[in-house]
Amino acid sequence: MAAPDGPGAPRAAGGPQSFPGWPPTFQAALERLTIAPRRPAQGHYAGAVRSRRRGRALEFAEHRPYVPGDDPKLVDWRSYARLGRLYLKQYDEERARPLTLLVDASASLDWGEGAAHKGGYARRLAAALAWIALRRQDPVRVWLLRDGAATPLPPVGARAEVPTLYRHLGSVQERGGTGLAAAVRAALAGPTRGPVVLLTDLLDTDWAAALAALAAGGEGTVLQVLAPDEWEPPLGEEVELEDAETGALCPTRLGPAELAAYRERLAAFLAAVRRECRRHGLAYLALNTATPLQEVVLRQLPAAGVLV
Amino acid sequence: MSWEAPAALWLGLAVPAVVLLWLLRPRRPRQRVPSLLLWPGSPAERQSARPWQRLRHHPLLWLQVAVAALLALAAARPYLPAEGASRHLIVLLDASGSMRARDVAPDRFGAARAAVLDLARALGPDQAMTVIRVDREPRVLVAEARSAGPVEAALAGEAAAYGPADAAAALALAAALTQGPAEWIVVGDGGLAVPEDFQRPPGTRYRFLAVGGPAANVAVSGLALRQEGDRVTVQAGLRSMGAAPVAGRLQLLAEDELVGVQEWRLGPAGETYLTWSALPAGAHWYEARLVGVPAAANALETDDRAWAAVSGADATRVLLVSPGNTFLERALSVHAGVRAFRAAPADWPGLAGAETAYPLTVLDRFWPERLPRGSALLVGPPVGEEFRPQEIWPRADHPLLRYADWSEVRVAVAHRLPLDATWETVVDSDGGPLLAVRAEGQRRQAVLAFDLAQSDLPLRPAFPILLASLLDWLAPRDAGAVQAVAPGAAVAVEPAPLAEVAWVEGADGTRAELAPPWPPRPFQPPAPGLYRVIQAGEGMRQERVLVAGGYDPREADLAPRALDLPAAAGEPLPAAGGALAYWPWLALGVVLVSLAEWWVDARGR
Numbered sequence: 001m002a003a004p005d006g007p008g009a010p011r012a013a014g015g016p017q018s019f020p021g022w023p024p025t026f027q028a029a030l031e032r033l034t035i036a037p038r039r040p041a042q043g044h045y046a047g048a049v050r051s052r053r054r055g056r057a058l059e060f061a062e063h064r065p066y067v068p069g070d071d072p073k074l075v076d077w078r079s080y081a082r083l084g085r086l087y088l089k090q091y092d093e094e095r096a097r098p099l100t101l102l103v104d105a106s107a108s109l110d111w112g113e114g115a116a117h118k119g120g121y122a123r124r125l126a127a128a129l130a131w132i133a134l135r136r137q138d139p140v141r142v143w144l145l146r147d148g149a150a151t152p153l154p155p156v157g158a159r160a161e162v163p164t165l166y167r168h169l170g171s172v173q174e175r176g177g178t179g180l181a182a183a184v185r186a187a188l189a190g191p192t193r194g195p196v197v198l199l200t201d202l203l204d205t206d207w208a209a210a211l212a213a214l215a216a217g218g219e220g221t222v223l224q225v226l227a228p229d230e231w232e233p234p235l236g237e238e239v240e241l242e243d244a245e246t247g248a249l250c251p252t253r254l255g256p257a258e259l260a261a262y263r264e265r266l267a268a269f270l271a272a273v274r275r276e277c278r279r280h281g282l283a284y285l286a287l288n289t290a291t292p293l294q295e296v297v298l299r300q301l302p303a304a305g306v307l308v
Numbered sequence: 001m002s003w004e005a006p007a008a009l010w011l012g013l014a015v016p017a018v019v020l021l022w023l024l025r026p027r028r029p030r031q032r033v034p035s036l037l038l039w040p041g042s043p044a045e046r047q048s049a050r051p052w053q054r055l056r057h058h059p060l061l062w063l064q065v066a067v068a069a070l071l072a073l074a075a076a077r078p079y080l081p082a083e084g085a086s087r088h089l090i091v092l093l094d095a096s097g098s099m100r101a102r103d104v105a106p107d108r109f110g111a112a113r114a115a116v117l118d119l120a121r122a123l124g125p126d127q128a129m130t131v132i133r134v135d136r137e138p139r140v141l142v143a144e145a146r147s148a149g150p151v152e153a154a155l156a157g158e159a160a161a162y163g164p165a166d167a168a169a170a171l172a173l174a175a176a177l178t179q180g181p182a183e184w185i186v187v188g189d190g191g192l193a194v195p196e197d198f199q200r201p202p203g204t205r206y207r208f209l210a211v212g213g214p215a216a217n218v219a220v221s222g223l224a225l226r227q228e229g230d231r232v233t234v235q236a237g238l239r240s241m242g243a244a245p246v247a248g249r250l251q252l253l254a255e256d257e258l259v260g261v262q263e264w265r266l267g268p269a270g271e272t273y274l275t276w277s278a279l280p281a282g283a284h285w286y287e288a289r290l291v292g293v294p295a296a297a298n299a300l301e302t303d304d305r306a307w308a309a310v311s312g313a314d315a316t317r318v319l320l321v322s323p324g325n326t327f328l329e330r331a332l333s334v335h336a337g338v339r340a341f342r343a344a345p346a347d348w349p350g351l352a353g354a355e356t357a358y359p360l361t362v363l364d365r366f367w368p369e370r371l372p373r374g375s376a377l378l379v380g381p382p383v384g385e386e387f388r389p390q391e392i393w394p395r396a397d398h399p400l401l402r403y404a405d406w407s408e409v410r411v412a413v414a415h416r417l418p419l420d421a422t423w424e425t426v427v428d429s430d431g432g433p434l435l436a437v438r439a440e441g442q443r444r445q446a447v448l449a450f451d452l453a454q455s456d457l458p459l460r461p462a463f464p465i466l467l468a469s470l471l472d473w474l475a476p477r478d479a480g481a482v483q484a485v486a487p488g489a490a491v492a493v494e495p496a497p498l499a500e501v502a503w504v505e506g507a508d509g510t511r512a513e514l515a516p517p518w519p520p521r522p523f524q525p526p527a528p529g530l531y532r533v534i535q536a537g538e539g540m541r542q543e544r545v546l547v548a549g550g551y552d553p554r555e556a557d558l559a560p561r562a563l564d565l566p567a568a569a570g571e572p573l574p575a576a577g578g579a580l581a582y583w584p585w586l587a588l589g590v591v592l593v594s595l596a597e598w599w600v601d602a603r604g605r
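In order, the protein sequence lines correspond to chains E and R. For the first sequence, the numbering used here assigns the number 1 to the initial residue and increments by one for each residue that follows. For the second sequence, the numbering used here assigns the number 1 to the initial residue and increments by one for each residue that follows.
Simulated from the structure, these hints should not be mistaken for lab results. From a predicted model like this one, the values you see are computed outputs, not experimental measurements. Please note: incorrect hints may appear among the correct ones.
[Said to hold, decoys possible] Going by beta-carbon spacing under 8 Å, a handful of chain E positions derived as facing chain R:
| no. | residue |
| --- | --- |
| 1 | 201 |
| 2 | 230 |
| 3 | 238 |
| 4 | 242 |
| 5 | 248 |
| 6 | 251 |
| 7 | 261 |
| 8 | 262 |
| 9 | 269 |
[What the hints assert, rightly or not] Examples of chain E residues lying across from chain R (beta carbon under 10 Å, computed):
| no. | residue |
| --- | --- |
| 10 | 106 |
| 11 | 204 |
| 12 | 228 |
| 13 | 229 |
| 14 | 236 |
| 15 | 240 |
| 16 | 250 |
| 17 | 254 |
Glycine is no exception: its CB is placed at the ideal position from the N, C-alpha and C atoms.
Produce the entire structure from the sequences given, and follow the hints as far as they go.
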C-alpha cells in the first residue's frame, strides 16, 4: 500500500468512520440519502432494495399456475382449498444493489490546492457515496483507474469495514496516465449489478469510448471533477504549458484571446460530454472542486437524481 | 540601382537572424496543467522538447523580417544614378558678351536668369542647385541651394559681361562640383567655346536651355589711326552678322568732338572699311560710333563703338653718367625704347636737381654722395675693397638672368660693396656679390660690382641680353604705350619710378584709385571704352592709355547654336551626401512597419 502522503492523505476527522476532509456534520447528513435506483436491484445477496427477482420475500407480488418442477413449498394451499387448482404465490425479493465506484487516479487529478484538489475531492466524494450505499447494506466496490488499468480496493459490505476502505482511499496518490476507456472496460469486465459511478475529469482523448464502456456496464453516473483553475484559468504571460500526464509542452500566452479560446473549447467539451452521456443514458454532473462537498452531495447530486 | 554604403548590406543578415529567433523555441516559464486537451496548439509542438520549433506563419514574423530588410536597405543608402528624380542641378549660366543682345527682352542674360529661376522654383524636396556664372573668370554664384530664394538672391545683381567667356574653366569647375549623379544645365545662346576634347563626367545628365533666337548684328570691328606729321588717318572696320542688307552711319569723334560721319551699306554677312584721311593732329584719342542702324538689325550694342588713341609712348630717357664707356653707350644706343643722354661725373652735381627728367640713371664707375631718386644702374662703383673672384655663382632661376649665360664670364677685379639686406644678390662669387638689385617702392636699383673693362662680360653674348633685362626692369618700357585689352580682363600696372599715386580715368570722367598702397592693384576695365592709367609723383606724371574694345568676333555673331557636351563613358560617380538617394523613404517604411508590428503585437495580447 502506498504511503499516505498525497493531498488526500488521512487526517483527523469527525469520527472513527469519517473520511478525512469531511465536514464535522457531513457524515450525519449522509444518513438521509440513498443512491437513487435507476433500475431494479440485481444483486446476489439480499438487501434493502426491491429486485425484480420473484422469490420468498415479505411483499406479495402475484399468483401463477403451478407447473411440475416448482417448489411445492411455494404452493398456495389456501387457494387450492378454495379453487381446487394449484397456484404458486410470487413475492418481490429485496436484493442488495452493489455500488461500483470508478475513481480516476491519474496525474491529471493531482491538481488543485487544499480542499479543491481534484483527486482528494473525488476520493472524498467516493467515500461519501460509499457511506451512503453501505447504510442500505449495499456492498461497495472501488476501482482506481490509472494507466489504462483498474486496480480494485478491498470490497466493503458493511460499515464496519469502512475504515479499511477509507484508509485505502486516503492513501491514494494520483499519478501516471489515464487510459480511461481501457481502465473502465477493465473495471467493468465482470458482471456488474447496481449503479456505477465514474469520478474523473474526463481529460483524456478517448473519453467518449470510456463513456460508452461505462454505459455498457449498467446504470452509470459520470461525475466530472474539474478544478477552479480549469473552469477559469487566470491571466498570465507567455508560458509553456506542460501536460501533467504526458509531459507534452504547449507554448502559449495566457492572454485574453487565448483564455477566450480555452473557454470556448471547454464549453464545447462539456457540451459534448453531456450530449454523449444523454445518448448512453448516463447521469452526468460536472463539478467544480471549489464547491463545498456538502453542497455537491446534499444538493447537486440529489438535484441531478443521483441521490435521493 | 546603386549603393552609397554597400557594406551596410551585411545588415541584411538580420533577416535570417530574425527567422532563426522564430525557429528557436522561446524560453518561457513552464506551467504544469492537468491536460493540454483544451489548450490550442499543434500536437507537434506539444510533443517537441527540442530547442527549435517549426516556423509559424505569424504576421509578426513577416513584419519583423520586413523591418530588418528595410533597415539593411536604408543603411546601404540606395540611389538611382541617372534616372531618378533626385539630383544635383549644376547650372552653367552663360554671361559672355553675346548675352547682352537685346533680341529678347530685356536681353539674353535676363532671359537666361529667368530660366534659371524657373529651374530653382521647380526644385524638388531632395534637389539642390548650383549656379556657375560663365564669363572670363567663372565662379560659383550659389552652391547647392535647396530653394529658389538663395538662387534669386545670388542672381539679383548679376549682368552679362562684355567679352568672351572661359568655357573650359567653367566646365572644369562644374566637373569639380559634380560629386554624384547630377544634371548639367547650360543656359545661354550656345556661343561658348567648348574644348573639342571635353567630356562631362560619366553618369551626369545634360540639358541645354537656349535663350535668344536668330538675331542680326553690326559691329565696329576695329579702329586704327596713323599719325604722319600733323596729319592723322583713321580707319574703321564694319562687319554685319545679319542675313539681310543693312545700312547706317558711322560717326568719328575726336575727344568727344564729331569730326566726320560716313554712311555705309552692308550686304548679308558683309564687311567694309571706312577711312578718314588728313585729319588734323592734336587729339589724343578717337572714337567711332554706329548710328542710324535699325534695332532689328543690330541686337548687340556693346560692339557699336570703338576707340583708338594716339600713342604717347616716348622712348625712356636714360642719363648715363660715365667718364666714357663704349660698351655701355653702344648697348644703350641699340636698345629699343631707350633714349640715352651722357654726362660726365663732374657734371653730376649740376644734374642732380634735374634727375627727375630721367626715369633711369646709369652711373659708370661713379658713386655719388646721394644716389638718384629715380631708378639707377651702378656699374663698377669705386667703393669697397677690391677682390678677385675665382668662382661665379649666377642664380639661374632669376628673371634678370634669363637667356644670359654666365658660364664663360670672367671677372678680373671687383669691389666688395657695402650692400645692406635690402639688396638681392643675383650673381654671387666667392668674394662677394657681383650683381645685386633692390626695389624700394617705385625706385629700383641695380649694381654691377665690377668695371666692365675688368671683365670679359661685354664681349659675351650675355651682355646685351643682361643689359636689356636690367633696363626693362629698371624702367618698364610700356609706360605711355597704348594697350588694347578686353573688358573685364585684369591689367597689371607697373609702378613708375617716382610715382606716388596711380589711378585710372575713364572717358566719361570716372576715376578709380590704384595706388597707394603700392604696388598698384590690377585694373579691370568694367566696360568697353578708353581708360587712362595715370601715375604721378613729385615732378613727374606718366599716362598709359588702355583701350577696352567691345568687339569680339565670336560674341558679335548672334546666330543661335546648339551646345552639346558629350559624356564620358564609364560608371557613374557615387552619390554624395545622400541628397539624391531615396533611403529616407526606406527609413520611413521602417517606422511604419514597426508601428504595424507594435499594433499587431498589442492586438494579440
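For this session: Could you work out which earlier hints the structure fails to respect and list their numbers in ascending sequence?
Result: 12
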